[in-house]
Each structure stands twice: as structure tokens, then as C-alpha cells.
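J.: Here the protein sequences come in this chain order: Z and G. Letter by letter, the first sequence follows residues 0 to 324 of numbering that gives the first Met the number 0. Letter by letter, the second sequence follows residues 0 to 324 of numbering that gives the first Met the number 0.
Calculated from the structure, these hints are not laboratory results. Careful, some of the hints might be misleading.
Since copy identity is lost for identical chains, a pair holds within one copy or between any two.
[Claimed, not checked] Simulated pairs of lysine-lysine, DSBU-like, Cα-Cα distance not exceeding 35 angstroms:
hint, residue 1, residue 2
1, LYS148, LYS314
2, LYS165, LYS314
3, LYS321, LYS58
4, LYS83, LYS165
5, LYS194, LYS58
6, LYS262, LYS148
7, LYS148, LYS83
The primary structure of each chain is shown beneath.
Protein chains: 2
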Amino acid sequence: MTNIIKVGIVGYGNLGRGVESAIRQNQDMELVAIFTRRNPESVTAGTRMVAISEIESYKGKIDVLILCGGSATDLPVQGPELAKLFHTVDSFDTHARIPEYFAQIDEVATAAGNISVISTGWDPGLFSLSRLLGEAILPEGNEYTFWGKGVSQGHSDAIRRVQGVKNGIQYTIPREEAVDLVRSGSNPELTTRQKHLRECYVVLEDGANREAVAEEIRNMPNYFADYDTVVNFISEDTLRAEHGTMPHGGNVIRSGITGTGNKQIVEFSLKLGSNPEFTASVLVAYARAAYRLAQAGQQGARTVFDIPFGLLSPKSPEELRKALL
Amino acid sequence: MTNIIKVGIVGYGNLGRGVESAIRQNQDMELVAIFTRRNPESVTAGTRMVAISEIESYKGKIDVLILCGGSATDLPVQGPELAKLFHTVDSFDTHARIPEYFAQIDEVATAAGNISVISTGWDPGLFSLSRLLGEAILPEGNEYTFWGKGVSQGHSDAIRRVQGVKNGIQYTIPREEAVDLVRSGSNPELTTRQKHLRECYVVLEDGANREAVAEEIRNMPNYFADYDTVVNFISEDTLRAEHGTMPHGGNVIRSGITGTGNKQIVEFSLKLGSNPEFTASVLVAYARAAYRLAQAGQQGARTVFDIPFGLLSPKSPEELRKALL
């Protein structure tokens, strides 16, 4: 067993709670503090909560800081600030802004002599690794990603902005017939509509017009217009009772050809009982890698593409070769 | 586009031919020579064949040598000898002897200033990576590997040693009900018999006793006794006509728990039209990584656990972050 890795968490939403719980499953890790913007005394948690304003005093007491804020507003600010002080890991997931975020973090972390692993989790993260592996091994081929069944926060937010909607949630659902077609190796061209269904559960405001709300949702550009969308109306109680868990998952499939036309299918798939807890478990494994890169004197920004799998495991290279190769 | 990587192949069986064909699919690679123990003029191939005895004169003309010999007798001799002269990649797959082989190659390659990536392919190789990833992310859980449907050379050889058998082939077949049970997250304990079926296609010698042969196969210790084994008798013509392709595949499933008991399933699966061509495609991607490690001045033995996925792709880190993350 190597040294115990001392971990800090920034942010105590679903993801932060998932990280807290994942650290308990890893015996080479210890949770030092959870940093929050709320009044620390107002938060009920198993571990000591600390005001984010005090974080600088933890320099030297924390090996890796896991950033659990959101990508829209938290990470663009916290990422660069905290990479000055600590080795960090985050799950920045605004795909289009990753190059810019990487450059910013790389500059700050390099200057400070720290390591920052950005955009871990499962997409970006494990799904990105599968896409890279698939095209590197099977350069002649097509890549297909399916998401779900799972909640899309963006689409759920979009529903809730519709006039007459009190609350709501949206599930993205891959179409089984499309997945099966891809798995057959037929390399189909699939439209947006053919790949996924969208299913909405909506709680109406008193007196709202059911048909008008359903119409507005189904025709919303970018979010729903290009899909077959099912709108279900439920009560607030049912929403709370039946839609409180956060399952998700999906498949990355590479369908390629080798030799004189032999079909080769590589598939990576996830079926997740809890999306935030799984993402948290990925963050924790990459925190171990960040710690080891830092121990080896490395600095700057890294992504999942730069990190050998061996660094994710608490086992030594010798143990890994013996037990898992 | 980086430099063209100059590749040599040692051995021209199914795997070597697969590598030859995979190199054609990768525009940053060029095949320099195929080294064979046979009389090079006797081998019909698209590219120049060279006697293995002349390999030393290719030092400096080849960036990476891909070793396509077998693990039983070829690689234990060729691996260490050729790691003295070239950067190498191989698919050494005798699981139990990997630590010893690694140590031997590491010593030779380090002394010579070369890089040798050993035991690539899919098992060991991609399946090993999936096992590592699964247990690193979900430390509380179980791992299940299923192989097939595909030909097992070892079991086919065992059939052919039975008295009265002229020729034969054996397919390992995962039991769908076991795979489904694992995918459900129920973490079953499965016996050998519950996980895989064995199906044999046998061509009898003239006058051989059908029932006696079937009995002997079904009761063969280590190979068949612990399995439900189906023995089919066919003609030599049918064997040639219907059993000439080499499909294979399998699944590595990690079934774990996070938080207060949420089920999380991670699955990696392959459905391969040609086992040797797919293995060859993996070897070629790792040859690219070996080339880059060598360019970076590294030396010694490596396994798939030590190599970041980014090095497998012809794309630059910037392109990868932009396109695939």
C-alpha cells in the first residue's frame, strides 16, 4: 500500500456527496475537508465542512482537490483559481469549450507546479476514451454514441421554462432498433430522430392548458423538434416519488472493417443506477492518478487521453501485470 | 501529420498477414519488410519478404518491429533477441508467464535503449484494460469475463489428439442466460459450466467409433469435463467450407455498487469477424505508441497499462481534445 492520499472536495451537491461516498470505498484515500459556499454549519454531513473562503489555509494539507461544481458558472472560475493552489481533478463537460478551458488551466497549473486533470467522468471521460480507442484500432469504420436511458438536465430545464409548467423531468432514451442495427455491423446512417426518443414527465400549474404545453414542448427547436417526444402529465407527488433517482448510461460503438471486409464491433456501455455517484467514482480514480503524476514531478493540465490506466489503480505495476493482464 | 512510421513484421501466419493489412489502413505507417523463417521466395505476398537471418541489417531502417510469432515457442526466444535490436510490439499471451517475460524483455530493452510493448491484443490487452478500469472505478464489485463465440486453438488441438479424430474445431460459447444475469447487476456466483458452453465439430477417421470419440472428448479433464460439451460430426469438406473464418469476441463486465447501494454496470464487448485481424489492428495501434515513446527517449518494457490512449491515435493531443473529448 502506498501513502494515504489526502483529498478535499469543493462543492457539496449530488456530485460532491458522491465523491464523499466514493472516498470511503478506497482505502488508500482520506477525506480532509469539504469546502462549501454555504454556511458550513448549516450543512449536515458526516465530515467536517469548511467555508470556501478558508481554502488557502489547507495548502500542504491536501494532496488532491476534487472540484464538484457545475461547468456553466462554477468551474470556469474555480478551476483556474484553485489550480494555482492545489493539484485538481474536475468534470468540466462543456464539450465545445474544453480546448479553451484546457489552455487556461494548463497555464495556471504549470506556473504553480501543479497537476490538473480536467474533464473526467463518463462523457467527457470514459466515453471519450472509447471513441479514441475505437478509431485508433479500426480506422476504417463509424462511431455511434447512444445516451440513456437517463435524465438530461438541460432538457429538464428547458421543459421547466415553458409557460404553465410547474415542474418536470426529461429522459433521453436510445432506440433499441437503432442500437441493434449498429451492433449488426451494417454501418447505418441514422438521423437524430432514429437514434433517441425523448420522454417528458410534466407537472402543470393550476389551470394550465395541457395540449398547449405538450405542443410547445414537442416543437421546441434544438431541444425537442428533431425528436419523437412523448409528454406525460403527472402530479408533483408522483414526480417526487418516482423520478428522484438519477439513472443514466449509454453505449459507444465502433463498427469497423479489417482485411478483405471482416466486420469488427467494439462496444463500451454503461448502465448506471446513479449518474452522479458513478461520475464521482471516476473523479476519485483520476484523483489517484493526479496524485501519482504530481509525485513524479509532473505539472500542467491533463485529460483522460494523457493518463495510463495503471495510474488509476491502487495496485502496483507488478501486481497489475500479475493479476489483471 | 507526423513522420511516416517504418514498420517491420516478423512471422507471416494469420497474425502477420493481419498486420500487413492493418498497416495499409493507417496512412502514417509504411511496411518495410516481412521477415520469415521460410525461404522468402516461396512466400507469395504483396510486399517484399526477407529471410529472418538478414534482420540485423535492417537496424536503422525500421522504427518498430511487430512480432507475430506464437507465445509457446516463438516469442520466448524472439522477444528478447529482437528487443536488443529494435523497438518491438508483441502479443505474448501466456498469462501465467507474463511477469517473467516482462522482466526479461525489460532488462534487454533497457540495456539496448529500446522500447518493447508486450502482451497487446485483446486478451491480454483491451480486456485487461477493461478489468483494470472496472475495479479502479468500482472497487466494491465483481468482474466477469465471457469469451466467444469463437474458436479456441488449445481446445481444437485437444480434440485433434483424440484417437479416431482426423480433424476438428472447437467453439467457446458464452451462455446468454449467464451474461444477462450479470448485466442485471445481481452479482451471481457462476460455475465454469454456467458461464460457457463448448461446441465441437469433428471429422472422424474412417472406421472410427462415433460414440467412443464423443465420450472421450466430453470427459477430457481440464478441457471439457467441467463444461456442457456438444460434439457434432461433419465431413472434411464441411469443415473447410463452414469453419474457415475466425470469429471471436467476448465481454468484460464490472458489476459494482456505489453510495447506499446503487448498481453500476460497466461493460466492454467485442464482436470480431476475424480474431487475428483484430489482434493485428491492436498491435499496429500500439506500434504507433511504441514509436512515440521511443521518440520521447523512453526505454524498457511496457504493457497496455503503462500507455496513455492518446499515443495510440495519429491525431495530435489538440485535435483529440477538440474532436473526441
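J.: For which of the previously enumerated hints does the structure constitute a violation, in increasing order of number?
T.: 2, 4, 5, 7
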